[in-house]
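Take these sequences, add in the hints, and give me the full structure.
Below, each chain spelled out in residue letters.
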Amino acid sequence: MIKKILIANRGEIAIRVMRSCREMGIRSVAVYSEADRASAHVQYADEAYCIGPAASNESYLNYEKIISVAKETGADAIHPGYGFLSENAEFSNRCKEEGIIFIGPDAHAINTMGDKITARKTMIAAGVPVVPGTAKPIIDLDDAVETIHKIGLPVMVKASAGGGGKGMRLVEKEEDIISSVKAAKSEALAAFGNDAVYVEKYIDSPHHIEFQILADQHGNCIHLFERECSVQRRHQKVVEETPSPIMRPDVRAEMGRHAVAAAKAVNYAGAGTIEFITDDDLNYYFLEMNTRLQVEHPITEQVVGVDLVREQIHIANGEKLRFRQEDLTQHGHAIEVRVYAEDPDNNFMPSPGKIKHIHLPLGLGIRHDGYVYDGYEIPIYYDPMISKLVAWGNNRQEAIQRMKRALEVYSISGVKTSIPFLLRIMNVPDFQKGGYTTHFIQNHTEALKKPEEEHEELDDLAAIVSLVHHTNNLLKAAGPAASSNHESAWKQFGRKKAVSRL
Amino acid sequence: MIKKILIANRGEIAIRVMRSCREMGIRSVAVYSEADRASAHVQYADEAYCIGPAASNESYLNYEKIISVAKETGADAIHPGYGFLSENAEFSNRCKEEGIIFIGPDAHAINTMGDKITARKTMIAAGVPVVPGTAKPIIDLDDAVETIHKIGLPVMVKASAGGGGKGMRLVEKEEDIISSVKAAKSEALAAFGNDAVYVEKYIDSPHHIEFQILADQHGNCIHLFERECSVQRRHQKVVEETPSPIMRPDVRAEMGRHAVAAAKAVNYAGAGTIEFITDDDLNYYFLEMNTRLQVEHPITEQVVGVDLVREQIHIANGEKLRFRQEDLTQHGHAIEVRVYAEDPDNNFMPSPGKIKHIHLPLGLGIRHDGYVYDGYEIPIYYDPMISKLVAWGNNRQEAIQRMKRALEVYSISGVKTSIPFLLRIMNVPDFQKGGYTTHFIQNHTEALKKPEEEHEELDDLAAIVSLVHHTNNLLKAAGPAASSNHESAWKQFGRKKAVSRL
Amino acid sequence: MYEVNIKGEDKPIEILSQDGQQVKARLGDKIYELDLLEVEDGIYSVIYQGKSYRIELNAREAKKYTAQVGQHTLDVEIVDAETRYARSMGGDEAEDADHISTPMPGQVVKILVEEGQKVKGGETVIIVSAMKMESEYKVQKDRVIKQILVKEGENIDGDQPLILFE
Amino acid sequence: MYEVNIKGEDKPIEILSQDGQQVKARLGDKIYELDLLEVEDGIYSVIYQGKSYRIELNAREAKKYTAQVGQHTLDVEIVDAETRYARSMGGDEAEDADHISTPMPGQVVKILVEEGQKVKGGETVIIVSAMKMESEYKVQKDRVIKQILVKEGENIDGDQPLILFE
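Protein chains in written order, with my numbering: chain D, 1 to 502; chain P, 1 to 502; chain W, 1 to 166; chain S, 1 to 166.
To be clear, the hints were calculated from the coordinates, so they are not data collected in a lab.
Since the structure is predicted, the reported quantities are computational estimates derived from the model, not experimental observations.
Just so you know, even glycine gets a beta-carbon here, dropped at the ideal spot from N, CA and C.
Treat the hints loosely; a few may be bogus.
What the hints assert, rightly or not - Restraint ranges, calculated between C-beta atoms of paired labels, are given here: (1) Arg233(P) x Asp10(W): 46 to 54 Å; (2) Val145(D) x Val144(S): 51 to 59 Å; (3) Arg322(D) x Ala183(P): 52 to 60 Å; (4) Arg233(P) x Glu114(W): 28 to 36 Å; (5) Pro161(W) x Arg233(P): 27 to 35 Å; (6) Pro161(W) x Lys476(D): 52 to 60 Å; (7) Lys146(W) x Phe192(P): 50 to 58 Å; (8) Gln147(S) x Val145(D): 52 to 60 Å; (9) Gly99(D) x Ile31(W): 52 to 60 Å; (10) Gly20(S) x Gly434(P): 50 to 58 Å.
Okay, structure coming up:
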């Protein structure tokens, strides 16, 4: 049985993992870089050790150092969190060699899923749908037309030697097939001296839908339903929710079975995520597998009621899964937003700095996973994510309304944050409708811009308060004598209370 | 439709109600006493009005003043929270007269349930079990014996003219019936000159179990299962949980039906709670009905997934219930602890004062409903409850473990709080087993005392940190010159880093 | 030369060196080397032999602190020359005041003694209700009741003398 | 005599009276009477005509504040005699510096200009990656590139000049 876990990570996810450790009576060991002495994960751990300079490759990625700390402190296991060493097959192996339990899959699963081509082949063999396309270049026109018919429209025809969009044609209509292939081929020939082409299914309005799975070391595997992660900016998830607003029960069951098949195909053990690209008609195709805990795992926890870190630890202990598929249901709706130290109104420029004050939204249905505190200085060396805010509701509408009321008052001062941007997302009608695709943010740049609202009265009040604050501070600085003089001067004017009470 | 609600309350419950208002797009109006200008509920509301001096009867109980604020601000409805005016029939009536919706039951329901004797009669008529006992005094010995047989042992025989324990006999065994009745009668005669006695069922190991109900104005009523509230100190609830650890599904269904019958017997509309006294064998008897939202309502929300304040508002709008009984299930387990500004190690003396710093426990499964903030001064005029901490878990054990990890790090400095006491409760084996009764706290005074643990090393560290803090503050006060001199003196000693890094 | 008073005992204490976060100190006859960072005002992250603690200090008086680590608390008094001098001049610190008062306003619920009565240390003399709670006020040592200044049911202010001792 | 600059405009402002929380002020040609309480350092609870606001102020510079109310923010500059004097002496505030630099360390991803090139205001000249994000740095007005001091792929410090203008 695991009694002490070293958490090879920092920030909110380190604290997240330690919380489950505490609940299970397991001691936690934090590691930290020289830039992270003040990080809350150091304070929350039972033990804490410095592992090197700020740069990740000299600290959080320095796995020999981490392993040596684990050995010296007698940690039975290492939890890698997400990022850093979480999908490093070599590290998984080194832990094994040293007799330390790596809380994650073995090197084989990481390697197989880490390589796109191997993963695709493995999925095809396991009967998991992948984006239809040709495996090798096509030269013959008839072959190309036949392949296109097999894949089904729309397709993308690409020069096999290509790049930069040259020799690329989107084919959407039956009557355009031959002319498009011909055009692509001749363009390819002109540009690259080679008229071979690839054909790939074109997903017109893609949705990113992923399935959470849990697998034990005894061949049992279950899924914990889907997460909809289509709200992305530059391929980074911004908002996630579960259930997916476009999901149907029959498709969910089938996708879940395919997710389990995908995990079983690599003898997976631990928590993992199968990502699918899905179209409006819920045709879905394997994209990749994340062989670790995801940033967005809390929404699954809120809706399914399973503590994923706890289950990771039970699995790492060699225990059998504690839930059967039929034990699990989706209960209500959850949405997560990722709060970053960045300026959404200045091209999302990172905004590290010292946190002045945090004002948290709490209460019914709100979960806050964070790590910063008043006076904490966000280091410049790592991911600028400050926190994750999760709203749970009885249904999707309630979850959105709850997230809105939370975001309206959530404030972190001293640095710029993405909170205003996240609130704008909640207010976009297409988000509220729910049928959005991965193009959501780029399609709604106008609606997501800082609004030009007029707040004249409020602005006037803010200006008055600023002046009062400013002059009071001047008086304070000038000392008590000056202050009392000044006040009595004001009192001459203001003895009769100016604001009447109702 | 209600568009603006005045919340006739303060502190955490006012904020709790406002949160649901925000989610529903309803404007909220706070009222506050002169002692509460700095209260967070004033800051969270859309509008705020002072209604009088600190003393409750001049402000929060001054309902004519509150009604006049509601009328002047155009509030459609008033939510009374709990305490203060929440069970005041006259206030309910006055709102009605003024055309303001009172978010709570009508005067008839409040009055009927507010009077113990009327309530008991109404419940008997509705077929709801009440504690068995004689309705009028018994003089004849045979009558007494027959009544005792009908009620069943154990019973309490009491002098009808009695008081102070005189003429009172607990009868537990068949063979003691006649002698005990005789003794009670003769003692009663000697003490009061009257040998008439009452007989009442004696509940040996009582559990306080209550049922949450929701009823609309159209005669529909559902229950949202039970809450176990047996952890009490001086009849004040300290810890509540749901489901009750002693409940069985068949009894739950039956109690739920009786709870609904109780509410229907007074044509109840709104959210309410039926309290039962229950014995170890799950025999249960109506105790009273609380015709308002309860302090402990959040645990029901966590487990059943229904926002009770939202439903109160929908009901007040005249809408039909949005859930049928068969829609509702209990999902996991929730525990609430009430955090008070009091010193548990000094006879629970109230500890008002200025909050220096709050350190909240958050993350998976933790809900915090509070209202204080850093620098806030808890007023001396009102209930000293600071916050309610709720832990949800997949099962009871997980919920307890989660509550423990939360309480271990939850700190509120500047005032004494009950947090250490609450943590000790979680650690008592009889609490963890779950079969506890309302005598739990008095039966475990030793286990709930401040432990005499030795923390020698930690105490030494605290002493060193105190001195460092003290001398650094002296240096700061002495100004920059002194400080730099001093530091360089220390540096002479300490240039070689004293603590090695792993 | 400093001492600290913890759990009723004065112990000699000395900061041997402080280099940034690295502090070396002697307390009694033990040497501690710790890594110490003030993360918020009065809140320290302390790492000692790998163990991590979050210690929050609050000043009760000028040289008296309460240290809190989770739900464990410790009262620490810094004993310097001034404290020692004051102690040598002053009397017994455990001396009761000459009256009973409450720290907060409230209402007298019950008076359990009469004027002239002798009461034992630890005995409750008055019960006062404040913030919806009843609190029992006890004498700390054997006293004789001189005068009772309030009646049952009376509203009282904080720090108002209620009962005088001889 | 104070003015405040909000949304690019100087407006005369005067505190007419302050009695405890009750403040009467003139801003432009409007009179405001508000109930104002500093609940935390720099955080005010403001009640104006019954409406309740929580306004958080943060000083950016000595006389420049950012006021935040929920997700609405407003920059406020206190304009006093000193500010007016400084303004009368100084040049155009919108003047670009003579170089581009980044506020934080990072790595140069792409340089989009060449030495001697003319660029228009708003055009991106360099892309830098920091904190795992790529940021585009633009010129604020038409400029001519004088010298490029870094190469693509190079690690840079915060505030290090990257590109000089003529």
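Quick rundown of the hints versus the structure:
no.: 1; hint: Arg233(P) x Asp10(W): 46 to 54 Å; in the structure: violated (38 Å)
no.: 2; hint: Val145(D) x Val144(S): 51 to 59 Å; in the structure: holds (55 Å)
no.: 3; hint: Arg322(D) x Ala183(P): 52 to 60 Å; in the structure: holds (58 Å)
no.: 4; hint: Arg233(P) x Glu114(W): 28 to 36 Å; in the structure: holds (31 Å)
no.: 5; hint: Pro161(W) x Arg233(P): 27 to 35 Å; in the structure: holds (30 Å)
no.: 6; hint: Pro161(W) x Lys476(D): 52 to 60 Å; in the structure: violated (36 Å)
no.: 7; hint: Lys146(W) x Phe192(P): 50 to 58 Å; in the structure: violated (41 Å)
no.: 8; hint: Gln147(S) x Val145(D): 52 to 60 Å; in the structure: holds (56 Å)
no.: 9; hint: Gly99(D) x Ile31(W): 52 to 60 Å; in the structure: violated (35 Å)
no.: 10; hint: Gly20(S) x Gly434(P): 50 to 58 Å; in the structure: holds (53 Å)
Going through the hint list in order, the structure does not satisfy hints 1, 6, 7, 9.
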